[in-house]
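Undergrad: Below, each chain spelled out in residue letters.
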Amino acid sequence: MLNTSRNDSSKGAMNVAAADLPTDPDLVAAWQSGDELAAELLVRRHATALGRYLAASGAASAEVDDLVQDTFFRAFRGLAGWRGEGTFRGWLFRIAGNLLKDRFRSGKGRVFLMIEDHDLPDSADPAGEVVADEVEQRLTEGLTRLPRLQREVFLLRVQQGMEYGEIATTLDTTPGAARVHYHHAVKRLKEWLG
Amino acid sequence: MTDCERLRDRMPAVAHGSTEWGAEDAAHLRACGECDAEWQLVARGAMLGRSRVVDIDRVARNLSQRLRHEPVAVPGSRWRSARIGLLAVAAGIALFFLVPITRQPGAAVAGVSHVTVLPELDRLSEDQLQAVLTELDAGDDGLSPMRLPRIGDLTEHQLELVLRELEG
Numbered sequence: 001m002l003n004t005s006r007n008d009s010s011k012g013a014m015n016v017a018a019a020d021l022p023t024d025p026d027l028v029a030a031w032q033s034g035d036e037l038a039a040e041l042l043v044r045r046h047a048t049a050l051g052r053y054l055a056a057s058g059a060a061s062a063e064v065d066d067l068v069q070d071t072f073f074r075a076f077r078g079l080a081g082w083r084g085e086g087t088f089r090g091w092l093f094r095i096a097g098n099l100l101k102d103r104f105r106s107g108k109g110r111v112f113l114m115i116e117d118h119d120l121p122d123s124a125d126p127a128g129e130v131v132a133d134e135v136e137q138r139l140t141e142g143l144t145r146l147p148r149l150q151r152e153v154f155l156l157r158v159q160q161g162m163e164y165g166e167i168a169t170t171l172d173t174t175p176g177a178a179r180v181h182y183h184h185a186v187k188r189l190k191e192w193l194g
Numbered sequence: 001m002t003d004c005e006r007l008r009d010r011m012p013a014v015a016h017g018s019t020e021w022g023a024e025d026a027a028h029l030r031a032c033g034e035c036d037a038e039w040q041l042v043a044r045g046a047m048l049g050r051s052r053v054v055d056i057d058r059v060a061r062n063l064s065q066r067l068r069h070e071p072v073a074v075p076g077s078r079w080r081s082a083r084i085g086l087l088a089v090a091a092g093i094a095l096f097f098l099v100p101i102t103r104q105p106g107a108a109v110a111g112v113s114h115v116t117v118l119p120e121l122d123r124l125s126e127d128q129l130q131a132v133l134t135e136l137d138a139g140d141d142g143l144s145p146m147r148l149p150r151i152g153d154l155t156e157h158q159l160e161l162v163l164r165e166l167e168g
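As they're listed, the protein sequences go chains A and B. Residue numbers are given in my numbering: position 146 of the first sequence equals residue 146, and the series is strictly consecutive. Residue numbers are given in my numbering: position 24 of the second sequence equals residue 24, and the series is strictly consecutive.
Hints are computed from structural coordinates only; laboratory data are not their basis. Glycine residues also receive a C-beta, built at the ideal position from the N, C-alpha and C atoms. Worth double-checking, as some hints may not be accurate.
[As the list claims (entries may be wrong)] Stretches of chain A that chain B covers, calculated by requiring three or more beta carbons in the stretch to come under 8 Å of a beta carbon on chain B:
#	region
1	39-49
2	92-106
3	147-158
[What the hints assert, rightly or not] Partial list, computed: chain A residues near chain B (C-beta under 7 Å):
#	residue
4	Arg52
5	Ala55
6	Leu139
7	Val180
8	Lys190
[Stated by the list, open to error] Which chain A residues face chain B? A few, computed with CB under 7 Å, are given here:
#	residue
9	Gly34
10	Phe76
11	Leu79
12	Val135
13	Gly165
With the hints as extra help, turn the sequences into a complete structure.
TA: So this is what it looks like as structure tokens:
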């Protein structure tokens, strides 16, 4: 079992040097062996990126944290469906995309972002008081107008920095198809912003 | 691959800091409006949601609670239950139409009372019985299995009685 104990400062995964950080598959295996801290490490590693992805995909601001939590819950409950194919990160983004799609279908998500409503300052979060960049708002609105696959491919490539191969595995498509979706997304967004 | 395509392919990597533009690339971006517009888009796209803050402690804490306490759902169990239920109902309906032939009259339920004439047939003489059978073969109210009511012929009330009978 991977040692992820908080109390063992010499060996705990929370305290090891970056080069010695356990990989995602290591942490998944540790969690499956009963190490609960491994799940927390995976959350700390991927939650922020997932939150950014969900927010840019049109998730209602107030629901992002819950969606992140649901994503991890489903991921851990459905690890048998992952089987190490693709990256754990890709698996998470796949689940997050499906969750968001379900939310939109059930009417709980936000299909179109209104510029006035997007990223309103949160009084509980001083950083949120910074006025959001107008171009970013336009871009986010443009993203919500794209077909789902184009939006997901664009975000996974540009926001998350994935290569086409990883995107293809994540979205269950081919690298070539992902490249085409990306091309179309960029073309439309350029026109939208132009 | 053209210079434009090569440059555009590298844009996400440059935006994420894993590589950077060389002098030639920078010159191309200054000269090519299309590439420059795409670079602006990609650079902004890479920053999207950067101010978005997830309450990681809360997510981790709640997730841990849920993983401990929420039962593991068995995939497909709902469908399996539904299939078993449907099979049970189908089997019950089939039995319902076959078994009453041997039941006492008092055990019959509405909709199939005509099959309860069978015990009376036991008291008929050979001739009378033959006459009844002849009449049934030719008549409109026979006991042929093909004439027995089907599930689709039952009213809502009769269906409910069937289900009650099946559930005991």
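Undergrad: Report the numbers of all earlier hints that the structure fails to satisfy, in ascending order.
TA: 2, 7, 9, 11 and 13
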